[in-house]
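Chemist: Residue-level listing of the chains:
6 protein chains.
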Amino acid sequence: MIFMTKIIGDALPNIPWQDKPTACHEPIWRYSGNPIIQRHGTVIANSIFNSAVVPFKDSFAGVFRCDDRAVTMNLYVGFSSDGLDWEISDTPIVFSGEKAVTAVEYRYDPRVTKIGDRYYITWCNGYHGPTIGIGYTDDFKHFVQLENAFLPFNRNGVLFPRKIRGNYYLLSRPSDNGHTPFGDIFVSESTDLVYWGRHRFVFGTAPFASSGWQCTKVGAGPVPIETSEGWLLLYHGVINTCNGFVYRMGAALLDREHPDQVLCRTKYYIMGPEMPYEQCGDVPNVVFPCAALADANTGRIAIYYGCADTVTGVAFTTVDELISFMKSHSI
Amino acid sequence: MIFMTKIIGDALPNIPWQDKPTACHEPIWRYSGNPIIQRHGTVIANSIFNSAVVPFKDSFAGVFRCDDRAVTMNLYVGFSSDGLDWEISDTPIVFSGEKAVTAVEYRYDPRVTKIGDRYYITWCNGYHGPTIGIGYTDDFKHFVQLENAFLPFNRNGVLFPRKIRGNYYLLSRPSDNGHTPFGDIFVSESTDLVYWGRHRFVFGTAPFASSGWQCTKVGAGPVPIETSEGWLLLYHGVINTCNGFVYRMGAALLDREHPDQVLCRTKYYIMGPEMPYEQCGDVPNVVFPCAALADANTGRIAIYYGCADTVTGVAFTTVDELISFMKSHSI
Amino acid sequence: MIFMTKIIGDALPNIPWQDKPTACHEPIWRYSGNPIIQRHGTVIANSIFNSAVVPFKDSFAGVFRCDDRAVTMNLYVGFSSDGLDWEISDTPIVFSGEKAVTAVEYRYDPRVTKIGDRYYITWCNGYHGPTIGIGYTDDFKHFVQLENAFLPFNRNGVLFPRKIRGNYYLLSRPSDNGHTPFGDIFVSESTDLVYWGRHRFVFGTAPFASSGWQCTKVGAGPVPIETSEGWLLLYHGVINTCNGFVYRMGAALLDREHPDQVLCRTKYYIMGPEMPYEQCGDVPNVVFPCAALADANTGRIAIYYGCADTVTGVAFTTVDELISFMKSHSI
Amino acid sequence: MIFMTKIIGDALPNIPWQDKPTACHEPIWRYSGNPIIQRHGTVIANSIFNSAVVPFKDSFAGVFRCDDRAVTMNLYVGFSSDGLDWEISDTPIVFSGEKAVTAVEYRYDPRVTKIGDRYYITWCNGYHGPTIGIGYTDDFKHFVQLENAFLPFNRNGVLFPRKIRGNYYLLSRPSDNGHTPFGDIFVSESTDLVYWGRHRFVFGTAPFASSGWQCTKVGAGPVPIETSEGWLLLYHGVINTCNGFVYRMGAALLDREHPDQVLCRTKYYIMGPEMPYEQCGDVPNVVFPCAALADANTGRIAIYYGCADTVTGVAFTTVDELISFMKSHSI
Amino acid sequence: MIFMTKIIGDALPNIPWQDKPTACHEPIWRYSGNPIIQRHGTVIANSIFNSAVVPFKDSFAGVFRCDDRAVTMNLYVGFSSDGLDWEISDTPIVFSGEKAVTAVEYRYDPRVTKIGDRYYITWCNGYHGPTIGIGYTDDFKHFVQLENAFLPFNRNGVLFPRKIRGNYYLLSRPSDNGHTPFGDIFVSESTDLVYWGRHRFVFGTAPFASSGWQCTKVGAGPVPIETSEGWLLLYHGVINTCNGFVYRMGAALLDREHPDQVLCRTKYYIMGPEMPYEQCGDVPNVVFPCAALADANTGRIAIYYGCADTVTGVAFTTVDELISFMKSHSI
Amino acid sequence: MIFMTKIIGDALPNIPWQDKPTACHEPIWRYSGNPIIQRHGTVIANSIFNSAVVPFKDSFAGVFRCDDRAVTMNLYVGFSSDGLDWEISDTPIVFSGEKAVTAVEYRYDPRVTKIGDRYYITWCNGYHGPTIGIGYTDDFKHFVQLENAFLPFNRNGVLFPRKIRGNYYLLSRPSDNGHTPFGDIFVSESTDLVYWGRHRFVFGTAPFASSGWQCTKVGAGPVPIETSEGWLLLYHGVINTCNGFVYRMGAALLDREHPDQVLCRTKYYIMGPEMPYEQCGDVPNVVFPCAALADANTGRIAIYYGCADTVTGVAFTTVDELISFMKSHSI
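As given, the protein sequences belong to chains D, H, R, X, L and U, one line each in that order. Letter by letter, the first sequence follows residues 97 to 427 in the numbering used here. Letter by letter, the second sequence follows residues 97 to 427 in the numbering used here. Letter by letter, the third sequence follows residues 97 to 427 in the numbering used here. Letter by letter, the fourth sequence follows residues 97 to 427 in the numbering used here. Letter by letter, the fifth sequence follows residues 97 to 427 in the numbering used here. Letter by letter, the sixth sequence follows residues 97 to 427 in the numbering used here.
In case anyone wonders, no lab produced these hints; they're calculated from the structure. A couple of the hints might just be wrong.
The list treats identical chains as interchangeable, and a pair is accepted whether it falls inside one copy or across any two copies.
Here are the simulated DMTMM-like cross-link-like pairs (lysine to aspartate or glutamate), alpha carbons at most 20 Å apart as the crow flies [claimed, not checked]: (1) Lys153 to Asp106; (2) Lys363 to Glu201; (3) Lys116 to Asp280; (4) Lys210 to Asp154; (5) Lys363 to Asp181; (6) Lys153 to Glu353.
Put together the whole structure using the sequences plus the hints.
Modeler: Written as structure tokens, this is what we have:
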């Protein structure tokens, strides 16, 4: 395979992978063993779905959203040797830190970003409403919680995997205190991961009549993948049908030095709920990408996504597939 | 088979058909090969569902609602030799006409009515909100768009297949600009398909306590079939459950010379979402009839309907089955 | 007074009039005797507010919206020698006509348009929801009702006072079945006042951030006044505050031969609710213009408007005041 | 089997039963032949779901909610020799009684309580809105309707199976006139089943952050089972997701002499919609328990529950399983 | 004055009174000194409005809704020698009784009914939502609270001033837990003021198109006045305008022995918000009658009503004025 | 006058002032010349209401919210020699700064905080929704805009008048994108007025049943006044009646070194809409404090507040009046 867009990052030879089925004409294809994590993946789990997976030592570690059988939301650590078969803890992650910060009502929808040797976790944090929590771990055993990045109400906080022009950059989607029927993506900067500012609009919803699948809200998905073309951002877009929201996946390219500048963005969605495990579950019709592994050597990308807010799936693509699709079906 | 109600129209010996299964006690039965058109029936399709099918030359032609992968709504032409296996175009229909009329935001939910030798298309047309677009073709290659019949907001415009007392007649359902939670059927007249008036109420929703499936809204479905008993109108009725709208199919008989007079109307629905492809999809629990073929020789009727706003199904009945059912379960 | 814009129409030397107060810097000024009609202006009246006044013989006649003490809405005829002091009937207008047309649930918000020697009345007509009723009288004694112009749901139907390029022209504002929180102005054509078509968008709401007073909905007010510059249309615009709608008055100029083309439109409102009788009443904070008298000799204009959906007021301007204001504060 | 909690009641040796699958780690397990009643279980049925089943003579009788094909709601009697295979009537139950009481708009969601030798039925009764209807039968052939227990709006009325401190006790959930988005459980007393009073709050919803599955509303399910530990109440709890309500099952223990005192209540749900017939149907994602059989000899309990408002399922547990689960996962 | 309808009750020679102004053509006229109680009528009062006034010894006593400056709602006792000038307590009424009953969240909108020598108070009582509280006093010094009549949600509980066919009768209006946008009047019976049943619908809202002022909700006002024609019930009716609810007053006649039977009911309202103190205040546009004094000797009636949820007004009528108006303007 | 609480700040001998009327029993009294600024206070003004006033040189300067006659919101500078009679500019303030920051949709509800010799302005700033804008001026001629403090959606940003423990502190109220029906007060810190963090909850709404006037939302008002007891914060509280929001004024004391710690807070409101200019206007029933002057010598405080979103009023109190009232009527 010749690929032209270069992933800026490490090789990941053990990335989970299946070749594209010959009958598939789409830029992304599902893992044949989906869902990789069932709803009762742990004894107390009602559902395990929005996953945050990273290479860790010679294998993989992750932080998982697990709603327990009380349907309370929390974060759990998990490990896997192949990225597909996961052992997930039965007890939620305990964060050390200032009590005013760690005493939260709930945690959900984590992302994990490696910066240097440290693994930062960002998630939706229940502090008088949903906002963006930040913490870190060096070993997936001990976790430290930092200050919340923002005031409520916010969701889908995603940290860039390196400093840009000297600052940390954090994507997020300002929200309200319910099932928010709107939502645009912004980026904020920080020198120290405590104080945030220089907030900039990145992109918002698209018109119903020209790109309906993302006309109600959009939110950042996995940690952006740095490529020679720009930051590759997978995101979710939502349309509000008469019978509820449908969550689908799209992709955008952001400028490497000025991530609030959008270079390219899919007019077409790249994956939507079509399989029974995506169409049926606690929240029907949800495909929600939260993590991606990328192999700089081959351009392969494995995407982890929540299915119907109930189980976890994996899908595959390559940086070339995705970027060529984006360029030919851009907004 | 002896039948007592006569279909006023042409013989259609090649109408798609399956006999009623012996175990079936209902007035309508599904085609065993449903859905006949899958959601990715064309390369760019997200879904193909509300179909408008007519006999054309020795085979069949149709105008299809296809939402592409941007989930934008448009009309596409298709052809079939047997009415079941369809070739649908990858590019939307282009209408010629006055630019102020053809420059619309979206087109969806077409119906095709043959009057004389011309095939008229009516659809939901995005002109500052949904309204009823009208166009025609003689050959399913060249399409001309006429003036919108009405001001916004309107949906489910269905043209009668002949003039009545000298005028064209058009059914429609006034709406609002969202997921309209109400809706009654009206009929309007025109001498020239441009100016419309003499609007009359035909029928509306039924009380929740006596015919709940049609208590939220009703809308005309396929082009009415003229019979010796009256115009046979298949329509959809909607109930609003705590988890969304459910769309089912009913039937009414309208007076042949005064179509605003309802002779009979089903208290019971005649088909509802029960199959997985009707219960799951982009909009769960939708059975939405948009076209019907009828054979005057045998009384056979083949109904095309959208399933869960995602795929297309076919169901069968006969004029006698339907009218005897209507008469024994009338409102 | 030298005036540059010419009113195309009749002289009206007995037009009600007060000169502009010297301290007034605004394009419109209120009659010092406002409100001219009190809420109990007739024995059975709860409120009399949205008036339709025309010169008639040597004096004035009008059709009034009076909500009686059951708060049911209907039309009543009234007469006045000076246009300020009115005698209004205690019994509603009875329309002759086809029973399917005249048997309506309510009538409100009339406008009266003289075309030739006939006085046409358009109003919001309750036929399975609000739509535009049309009738006429030659003598303000006998009234004939014609077909409804449109399907429901519609309000604020206003007929142009002459045929344009051979057709009748009717402004209206498509609505929903409640306290519609949206609304744009359209124009439709007819050859015979029965069948209507060639519907065109005229203008809609303005952005909240640039002309907030008209960001929720707009609707045509009095019958347009033909001037050498174009059709002068007074209209209402609405903003939705946290404590309800506020209705104010604006003005637009429409092309004389193509009334869907907007030549000019006020960014600033020209009158809003400021007086106690405009701020308090059955619906607080409403200024709703429904009629205007114009004197071609002097350019004087007397505007009749409903106040707080309770009483009737009059305000004055001249065609020059208004058009110079429009041109200097246009959107 | 040694069991420690004693069911206060009769032996029921023919209770439907399947042993717990070895792989099952949950307190309740589904019948392998679910659903036991299909949606078209009778010729006119659209759906048969919320069942009220009791031992009757040597077999079983029941009162079923069947929505017919008009989707009107009514009660139907049924009989079964094994509690799993049911014969359900095609015609609704006719109640004798005062006409002002029996002339109702609809009946749904029945419960059947045996007190002495009489079978009392409570249900949601359409009298100017939903309220609690009460009737009785001695033979499941003749049915008598008594006065409604309450004013509208109320649902989920469940009668205790004996008098407590001399009075009848009735659980219920005050509601509104729509798809009520709130709801707590109350208990009321009566000396004669006609006049009700001494209304007490029993328990309400739980906080979203600590027991989310029951944060929107709760309602009593089957007739409480008397045990040595207290009244065992199965109930439903609801969460409102962005795509609709999810109904799950929980359990509580109420004091035997003061049923408004809650001794214990599950923080975790005990069963939720996971099977296709629970996730898909006329109302997706509904598990709604309405009846339970209990065998005092073995502690076995068979729970009947509605699935997706469409079909009927059965699940099994024992009093010990349930109470030990409740005690280890209590709010 | 000759009057034909006889008030069944005591003479009340010191009833507050003003003769009807000669210019008044309406059935009710306001006291010229309105409002009789200002919003800061006590030091801690934000507003004092919905009053319950009765003759007591040789003068008058009352129970008042006073919202204090925390805008918390409670009941306060007051006394007056002339019924117009009131001394109202600074501290709320303390009720003795069972703690589970008296420990309520709020009390508002009282009515006082004398039955025998005892003064019963009914009010809207905050027990897990609004319901109907009942208490009594013999001396307006000591107050005892009984059981709540109903489950939540209910408002406007009004007790008839004598037993009817052996039972107590209580009017009420089932509600929801917010600013209820619906509401009909029901009547319930009790033998002991503790257990209530035999609930019957009395009357509901009227159609928007025929009696719009009472199309959204209706609720009982003062204690019914027994007359030779039937129970004279003053009530409030509400319409929902685009800028909020408007509360007006109407009247009905109920059968003396079967109070659920409506003999007559005003199509026209009898008083609506027209004065500044009725149109402006904490809740604009509210006229809310809560008490009435009647003199059997003269037929005079003095009505106490809340104005804009802020102050208290008085209006006058006679039984003959009212009943002749009702009969000539009945629904 | 002896006063016990000391204002920490400058003497302001020319503070506007009127002594407390003898009949007044309340902690705050209105200026007898209210409103001090009328709605048409400038030629282009529709309304001038939420004012930010500070001592400047020997007189006073201010930044005013003026909605012009397009009802667009912007900030205008004004000057006054006595704090009561104001000259307000006809053209909005122009801010210099980075274009991405200054190019906003609207500006409203300013506060002005003097820190050192610089006057900082915070306001509600339209950047893809309402957020908190920050700028400064040294001379009220040249204005510089800094970065927005937060992501949308936020309102009522108020800066403390000195650094606390080395950091700037900013109060705000997270909101949604409409007429937010909720709202709590938070405080955030910054080292440089660009990057903000360490967000802490300060206080939120109070229960409806115990302090109803502030049960819907609360928001900081004028810049906190430092006193020997703590930071004196005037704020607004809102209740949602059936006819709209009512805005009233309350007060709280915050710890001087840890402003997220509430020492005291009024259960009673201290001023509410009672005057015609507070009850009627573009948004009825609004008292909205935005600025306060304080004289350290006398303890006098002059409060500037918006009235009905239309005009500007002034009220007076002293630090002793206020704090003794707070302490005796605390939550």
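Chemist: State for each hint whether it applies.
Modeler: For each hint, the structure was consulted:
no.: 1; hint: Lys153 to Asp106; in the structure: within (13 Å within a copy, 62 Å between copies)
no.: 2; hint: Lys363 to Glu201; in the structure: between (37 Å within a copy, 16 Å between copies)
no.: 3; hint: Lys116 to Asp280; in the structure: neither (32 Å within a copy, 49 Å between copies)
no.: 4; hint: Lys210 to Asp154; in the structure: within (15 Å within a copy, 57 Å between copies)
no.: 5; hint: Lys363 to Asp181; in the structure: neither (34 Å within a copy, 30 Å between copies)
no.: 6; hint: Lys153 to Glu353; in the structure: neither (29 Å within a copy, 46 Å between copies)
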